[in-house]
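2 protein chains.
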Amino acid sequence: MKGNVLVGQSGGPTAVINSSLAGVFKTAMERGYNKVYGMRYGIQGFLDEQYIDMSDIIKNELDLELLKRTPSAFLGTCRYKLPEIHEDKAVYERIFALLDKLNIEVFVYIGGNDSMDTIRKLFDYSLLTGATQRFVGCPKTIDNDLAITDHTPGFGSAAKYIATSTKEVIYDAMGFSYKKKNVTVIEIMGRNAGWLTGAAALSKGDDCDGPDLIYLPEMPFDVEHFTERVKELLEKKDVVVAVVSEGIKTKEGKYVCEFTAGSETRDAFGHIQMTGTASYLAEVVHQTLGCKTRAVELSTLQRAAAHLTSKIDVDEAFNVGGATVKAADEGSSGVMVVIDRVSDDPYQSATGVYDVHRIANGEKVVPRKWINEEGDYVTEEFMDYCRPLIQGQYNPIMVEGLPRHLNMNIHNYDWARKAGGNQTIT
Amino acid sequence: MKGNVLVGQSGGPTAVINSSLAGVFKTAMERGYNKVYGMRYGIQGFLDEQYIDMSDIIKNELDLELLKRTPSAFLGTCRYKLPEIHEDKAVYERIFALLDKLNIEVFVYIGGNDSMDTIRKLFDYSLLTGATQRFVGCPKTIDNDLAITDHTPGFGSAAKYIATSTKEVIYDAMGFSYKKKNVTVIEIMGRNAGWLTGAAALSKGDDCDGPDLIYLPEMPFDVEHFTERVKELLEKKDVVVAVVSEGIKTKEGKYVCEFTAGSETRDAFGHIQMTGTASYLAEVVHQTLGCKTRAVELSTLQRAAAHLTSKIDVDEAFNVGGATVKAADEGSSGVMVVIDRVSDDPYQSATGVYDVHRIANGEKVVPRKWINEEGDYVTEEFMDYCRPLIQGQYNPIMVEGLPRHLNMNIHNYDWARKAGGNQTIT
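Those protein sequences? They're chains E and S, same order as listed.
Mapped onto this note's numbering, the consecutive letters of the first sequence carry residue numbers 1 to 426.
Mapped onto this note's numbering, the consecutive letters of the second sequence carry residue numbers 1 to 426.
It is worth saying that the hints were derived from the structure and are not from the lab.
Among the hints, a few may not be true.
What the hints assert, rightly or not - Below, in silico cross-link-like pairs of lysine to aspartate or glutamate (EDC-like), each with a Cα-Cα straight-line distance of 16 angstroms or less:
1) E:K204 - S:E400
2) S:K179 - E:D48
3) E:K311 - S:E400
4) S:K179 - E:E30
5) S:K89 - S:D124
What you are looking at is a predicted structure, and each value in this text was computed from that prediction instead of being measured.
Produce the entire structure from the sequences given, and follow the hints as far as they go.
Laid out in structure tokens, this is it:
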């Protein structure tokens with residue numbers, strides 16, 4: 001009889017990270033593993049013996065379907081970096097003792113670069129000690145910045161949400177343009193990689209011209225040049241929409257959002273939170289050109305909008321989750337599952353596995369050739385790369401007019417008492 | 001043979017204002033009117049003879065269906081208040097000369113309080129001069145603050161979007177709560193009326209506890225008391241979510257967002273835009289209680305999100321649009337169409353007409369009895385009132401992975417040359 005699978009989620013959530021979790025659970029059950037344990041709050045919670053038996057949560061097919069469509073990291077997530085093995089062996093001894101105690105054969109970690117670093121270290125430790133558990137990484141990040149894999153689960157749905165919202169914001173702005181030119185600056189997540197910011201270009205089509213300007217963090221940003229470009233555009237049209245990454249910085253390396261640091265307020269609380277990049281640029285344009293401006297930050301919504309996901313993305317996330325268990329079951333360890341693009345037309349993808357040492361801590365940014373010469377838009381090739389990833393919908397399961405999720409408020413489940421371990425979930 | 005219908009849109013758009021426009025067009029055609037002209041940018045554009053022949057835009061049933069699902073004010077909108085008749089007769093003379101020139105029999109204006117003021121004035125002028133055109137108002141506003149009507153088209157879809165997004169933000173926050181309490185402040189539109197802010201409570205259900213605190217602009221807001229309440233809640237739970245109206249103010253009448261005024265920056269551009277209400281409160285909580293905080297502004301998205309509308313709302317908006325033409329065709333003038341709630345269980349509504357003098361410039365706020373005693377949540381009665389209005393979906397018509405809209409970029413249509421008048425659309 002097979003032992004158990006342990007799965008955790010780490011880093012920022014996506015709209016489909018729970019679809020991968022569902023895939024891990026389903027494949028583990030199908031392949032005859034005894035139990036699937038879920039780490040609460042990733043490796044950080046696991047070190048405190050915080051885990052659950054997933055079968056206490058997923059009792060039937062509907063639960064599994066709900067889990068696939070539930071936003072946020074269902075198990076809870078963490079941002080926790082394991083020490084190097086030579087720095088602190090005790091942490092590793094503790095983790096492996098727990099793995100033995102729970103009879104874990106397969107360890108799956110769903111996450112981005114930092115999470116793959118965790119897989120790498122645990123695998124390396126298993127080599128050093130001859131431990132038999134297998135360690136497999138499951139890619140996840142809206143930022144799409146993981147190496148080797150064609151793209152990451154989570155990116156497609158965030159891109160779809162961003163393109164949809166960008167089109168809606170452009171339409172809204174067009175309604176107000178009579179004898180009153182207006183400029184909108186939309187701010188998108190992605191501090192170092194501009195994949196998501198570039199995805200705003202997908203709003204371009206028969207029914208929409210798309211944004212006028214797109215600035216990725218891969219290129220140095222010049223505030224004055226930006227204002228000049230907006231001014232030129234306003235001479236030709238009434239509505240200008242610019243999309244900027246939260247991470248754009250000047251050629252000196254200063255983040256644009258830092259330009260507002262140093263603001264002082266006269267209330268009791270001292271410094272006020274930095275104004276965002278979009279707010280700052282909107283204000284600069286307003287002050288310089290005098291026109292009406294608006295800043296829109298998509299903020300948390302772009303990674304949490306489970307109500308508007310890409311079918312390709314949800315399915316791939318699910319498949320990639322399943323592929324981690326399959327890979328481990330067939331003997332792989334120290335690998336991450338990757339997505340290979342088999343064909344562009346029609347779009348087809350397949351999963352593969354790749355040495356995690358080649359992936360961990362890498363960062364894949366948008367190649368220079370996919371940004372236009374002026375550095376203020378993405379190319380057709382960039383859009384061709386993205387477009388297949390936003391296709392199709394998983395309509396939410398609607399109850400009383402709202403998307404229903406698998407109840408994440410698992411504090412209320414009685415597994416907290418049942419599941420054993422010193423569970424002091426507070 | 002009947003003459004023509006003229007229709008315009010005014011004020012802030014909603015996700016369903018174009019569904020009303022579609023309703024006007026369809027009923028006018030069915031009732032045998034010759035043409036439907038659309039004012040470009042409301043009465044302001046019309047004064048400059050900016051109008052289009054709607055049949056140049058809507059050529060078939062699919063176009064009509066697309067229009068129903070297109071966000072923003074398709075015809076363009078304005079914020080333009082007509083002078084009182086005794087102040088400036090020339091404006092009225094010009095409008096009525098244009099109405100005669102275009103053989104207009106029915107004048108429909110889709111909008112909120114200010115737009116109903118326009119209907120009232122034009123109707124009053126027609127009484128003074130014996131003009132035979134009929135003037136009918138079509139209610140529209142996400143703010144739900146129009147008098148007499150049970151609710152306004154636009155509110156239900158915005159409420160649905162807000163409740164859905166609030167649930168997603170709550171889920172996102174729950175994923176990050178391990179050994180790190182966090183507070184999220186969500187800011188919602190509605191400067192004087194708290195209907196939309198209160199609608200965040202609809203996120204409460206079997207799968208979500210909903211926000212912890214909800215502050216409407218109807219009640220005075222106390223920053224210190226708010227921080228105290230958050231502190232109390234953090235003693236019992238790890239994740240606290242507060243929803244605030246952009247319009248909350250202290251008992252002295254100062255807007256909370258004004259607390260950040262007076263910030264000075266050291267860059268070349270002088271004052272930076274006021275930090276928003278949510279950003280300010282998030283920063284206050286962070287400074288006072290030391291925990292991680294996040295501010296989320298739903299901004300333009302809440303009125304533009306045509307990708308997540310309520311079926312009840314889209315249908316009612318369409319019906320209300322049709323009812324304006326019907327009312328005029330049957331002899332009414334100086335009225336607004338209202339929605340009467342016929343039954344709560346099952347929800348049923350019907351359209352009626354009401355004297356626009358009783359509606360214009362009024363403002364319906366949330367009644368005190370629908371806010372809890374402490375002033376930090378809405379009551380069950382409030383939620384029972386809202387819930388029917390968010391039911392059902394109109395799924396967007398998806399093309400290449402994105403919602404397709406009726407192309408609003410009508411500058412490119414050749415009607416601009418065809419439609420006559422001195423159309424200098426730039």
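Now the hints, each set against the structure:
1. With a CA separation close to 11 angstroms, the supplied pair E:K204 and S:E400 stays within the 16 angstroms bound.
2. Of the supplied pair hints, the one linking S:K179 and E:D48 holds, its CA atoms being roughly 11 angstroms apart against a limit of 16 angstroms.
3. Proposed proximity of E:K311 and S:E400 is supported: the alpha carbons are some 12 angstroms apart, at most 16 angstroms.
4. At most 16 angstroms may separate the alpha-carbon atoms for a hinted pair to count; S:K179 and E:E30 exceed this at roughly 35 angstroms.
5. This hinted pair checks out: S:K89 and S:D124 have alpha carbons roughly 12 angstroms apart, not beyond 16 angstroms.
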